[in-house]
Amino acid sequence: MNENESDFAIYVNNLSKSYGSFLALKEIDLTVNRGEVFGFLGPNGAGKTTAIRCLLDLIRPDAGTVCVLGKNPQSDPVAVREHCGYLPGELRFDENISVHSVLEFLRDLRGGGKDCHVRAQELAERLDLNVRSKIKNLSKGNKQKVGIIAAFMHCPDLLLLDEPTSGLDPLIQQTVLEMVKESRHSGATVFFSSHVLAEVQAVADRVAIIREGQIVEVGETSSLLSGRAWRMKVIFAENTVVRIDEIEALPGILLDALSLDGRELKLIVDGEMDELVKALAEYRVESIETRRPDLEEVFLSYYGEVCEKDELKTKGNE
Amino acid sequence: MNKFYTITRYSFRRSVWAIIGWGIPLMLLGIITIPFYDLVAENEKQLRPVLENLKPLVKSFVGGDEVEEIFTPQGFIALRYFAFLPVILGIYGSVSGSGLLAADEERGILDFVLAHPVSRGQLFWGRVVAFTVSLSCIIGFGWLGLWIGVAKAESMNFSPFQLVLPYLSVFVVTWFFACFSLALSMCVPSRSSAAMISGIVVLAGYIITTLSKAIKGLESWAIFSPLTYYQSNAMKGLEIDPFIKLFLAALLFLFLARTGFRLRDIRVAGDGGWKLPFIKG
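If you're matching them up, the sequences are chains A and B in order. Position one of the first sequence corresponds to residue 82 (the numbering used here), numbered consecutively onward. Position one of the second sequence corresponds to residue 1317 (the numbering used here), numbered consecutively onward.
Bear in mind the hints are in silico, worked out from the structure with no lab data behind them. Just so it is clear, CB atoms sit at the ideal spot from N, CA and C, and this is done for glycine as well. One or more of the hints may lead you astray.
[Unchecked claim] Selected chain B positions facing chain A (in silico; Cβ < 8 Å): (1) Arg1330; (2) Ala1334; (3) Ile1336; (4) Ala1520.
[As the list claims (entries may be wrong)] Heads up, simulated BS3-like pairs for lysine-lysine below, C-alpha to C-alpha not over 27 Å straight-line: (5) B:Lys1361 to B:Lys1552; (6) A:Lys359 to A:Lys314; (7) B:Lys1371 to B:Lys1361; (8) A:Lys262 to A:Lys195; (9) A:Lys152 to A:Lys262; (10) B:Lys1529 to B:Lys1319; (11) A:Lys215 to B:Lys1371; (12) B:Lys1371 to B:Lys1561; (13) B:Lys1532 to A:Lys195; (14) A:Lys152 to B:Lys1552; (15) A:Lys359 to A:Lys347; (16) B:Lys1529 to B:Lys1561; (17) A:Lys262 to A:Lys314; (18) A:Lys224 to B:Lys1552; (19) A:Lys217 to B:Lys1319.
This is chain B alone, in the form it adopts within the complex:
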């Protein structure tokens, strides 16, 4: 238990700058964006006809059929704030998850750490817990910024708890991408390949989920997109079903990552990489 705590504490300490680097901008985003709602509400008469006349494909990119909800406080927060967060934090999750073990492995640090009396399981779970705590801190900064923004906006009145609900969905999406890229990093030859694949899934998922509102053929594909299970407007109340589905999918990838880490060799520094057939050297 002590070794697990040591790993967690040490890993968390290493992520302090990541927490500051991601958390503060996220907080500022809330503080700056949310008070704009007052301005949008004032200009509803001019803006509504513009939104109503948008073509379906364009409309799908600015919120689909729900775009007119931008004139409600809840809709504004969902469309102007929470709609983009899973992409931003999904990239963070992909980069962090892929680097959770593979970054140190490629730098040759893991080799040395694992030569000490610590099991692979303790190292794995220690790092996962440290990442989860770091992500919670970043989300906490974001929530604080949103709360300050809401307090500054004259026509908004939400309780802190209501603001937490969509963040729970942001959390589970980010955690999913972290677990997904962690699992990838255990089977693809390098950390950067894992981050790249996961990043592509984030962006492709966002595009498919968004366009599926306008293009019928994409609906069947959208069920595979993690972002389909994301709830940007959860302030009304968080739906448990999609939340649990995403959480279970994340757990599945976490289990695969754990199994991969248990069974495989620890690579030495600088290992890995795919050879592209058309690029020599």
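The shape of chain A in the complex, shown without the other chains:
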């Protein structure tokens, strides 16, 4: 392991993993800095969970290098897991035992002492979870809370959270995001995958987007958003005749949507705003609204192509 690799909380180089003939990860490269919150985005089956499971040596990669907190999970899995908190995407427990027993068992596996016990109790109170309940009597959201407590109770250096807010009510979702932020402030690294892009946007310093087993974009959340085209909505005054073709002909302007009466125009502006503003000055404009795309739109822009292909395929089959 060279020095560069151990500088990162997670270092992944050329990682590939296949299940039979299906290639789940295709030579991915990824680095997560120590102390940052890293969002990992992708739809179902993109390879998020496979990547996380490789980090914990639950599955063995076909090729590539993985280094977690300066250690190789394949040669020293226990040392890696010692410093990690993991929340799987599909969380299951023994149904016939109480929450308290589950947490006690997991704490014993960690060799956790009284601190761990106290913190687990604090987290249970914070998440409004009754530890006396039996697992089989818990709702999906409450089971998720048990997993969250197990992941956080030992104050790990690295948190690997696979869709942490899945099944939780909005208030508890906020609490979990606060816990993520608190962990970062205390120096921990958080690597988390999610479908809920708004929450990734709210907490992640950097984001990677994975598509069909390949990382298609990595960057700081802010630059990922700021580097994107503006979204503009223009509402013209009544009875205004707008020459759409002229506006569309402007450089870097793409027509996104046009209302039936021609009054409302949605544009994507990927260039100079100046010419567009001058062009709009010829008309009576009621309002103009501009904004940067949110993470969801960035994310969907990577998947639009795939969705279109899928639609074509479906139509072809029909």
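Position chain B relative to chain A; hints supplied.
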């Protein structure tokens, strides 16, 4: 060591109902069956000609050439009690062994447990030890029932130690099937497939071993049947050679299972299964 102990303790606690569910009926079997010996001994004159005139194939199913020993206390216990135990407990061993790791794996629990600082070796051996202790408890219940049954029978006089000897053989046969199905569960796609294959081996082994006493052609096959090495009449004294052979075979499968578990990926919940070509969906 502490983590190993945690795994063992937790796994053992989970098997408490299995111990009660298998141990109590086994105990009752001994308490109820053994006192019947007095009745059999009383009716020896009527029963002996019936047994002597049985055709060889039928005779092989009720104890072969040793069937007439049913009139001795030792023979009665061997034929009416211990003859069936390896099949009953063999099924238990197959189901438990296949589920030792694969059941939790298919339910998605193993994924979560192994994300904690515990090695695959600690998890594996912790569960194997917990199973071995659970099996010992079940065997202990059975032994207790047998001892009570023997104490209730007027014409039987065996020491508790004599009653332990055939149970040692039962133990090693059951343990063999557990290790065998555990090894299978590490290479076949699902826990149920492993249990099914192991269950078939239990039943096929029983049939081959039993029939080989009457059908000469089966003798060469019987050496592959684990039940050939089982000693239902070990109260006379346990033969070490077959006991060791079975124990070593079990260790071999345990080693294969351990190697398989060390090398393979942990499956996610619901994984596995064979596709039958003629059943769609």
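Each hint tested on the structure:
1. Arg1330: holds, 7 Å
2. Ala1334: It is violated, given that the least Cβ distance between Ala1334 of chain B and chain A is near 13 Å, above 8 Å.
3. Ile1336: violated, 14 Å
4. Ala1520: violated, 31 Å
5. B:Lys1361 to B:Lys1552: Distance ~25 Å between Lys1361 of chain B and Lys1552 of chain B Cα, so the pair holds.
6. A:Lys359 to A:Lys314: holds, 16 Å
7. B:Lys1371 to B:Lys1361: holds, 19 Å
8. A:Lys262 to A:Lys195: holds, 24 Å
9. A:Lys152 to A:Lys262: holds, 25 Å
10. B:Lys1529 to B:Lys1319: violated, 49 Å
11. A:Lys215 to B:Lys1371: violated, 59 Å
12. B:Lys1371 to B:Lys1561: Judged against 27 Å, a Cα distance of about 32 Å means the pair is violated.
13. B:Lys1532 to A:Lys195: violated, 68 Å
14. A:Lys152 to B:Lys1552: Between Lys152 of chain A and Lys1552 of chain B the Cα gap is close to 58 Å, so the pair fails against 27 Å, i.e. violated.
15. A:Lys359 to A:Lys347: At roughly 17 Å apart (the allowed maximum being 27 Å), Lys347 of chain A and Lys359 of chain A satisfy the hint.
16. B:Lys1529 to B:Lys1561: Holds - the C-alpha atoms of Lys1561 of chain B and Lys1529 of chain B are around 21 Å apart, at most 27 Å.
17. A:Lys262 to A:Lys314: It is violated: about 34 Å lies between the C-alpha atoms, which goes past 27 Å.
18. A:Lys224 to B:Lys1552: violated, 56 Å
19. A:Lys217 to B:Lys1319: With Cα atoms ~26 Å apart, Lys217 of chain A and Lys1319 of chain B stay inside 27 Å; holds.
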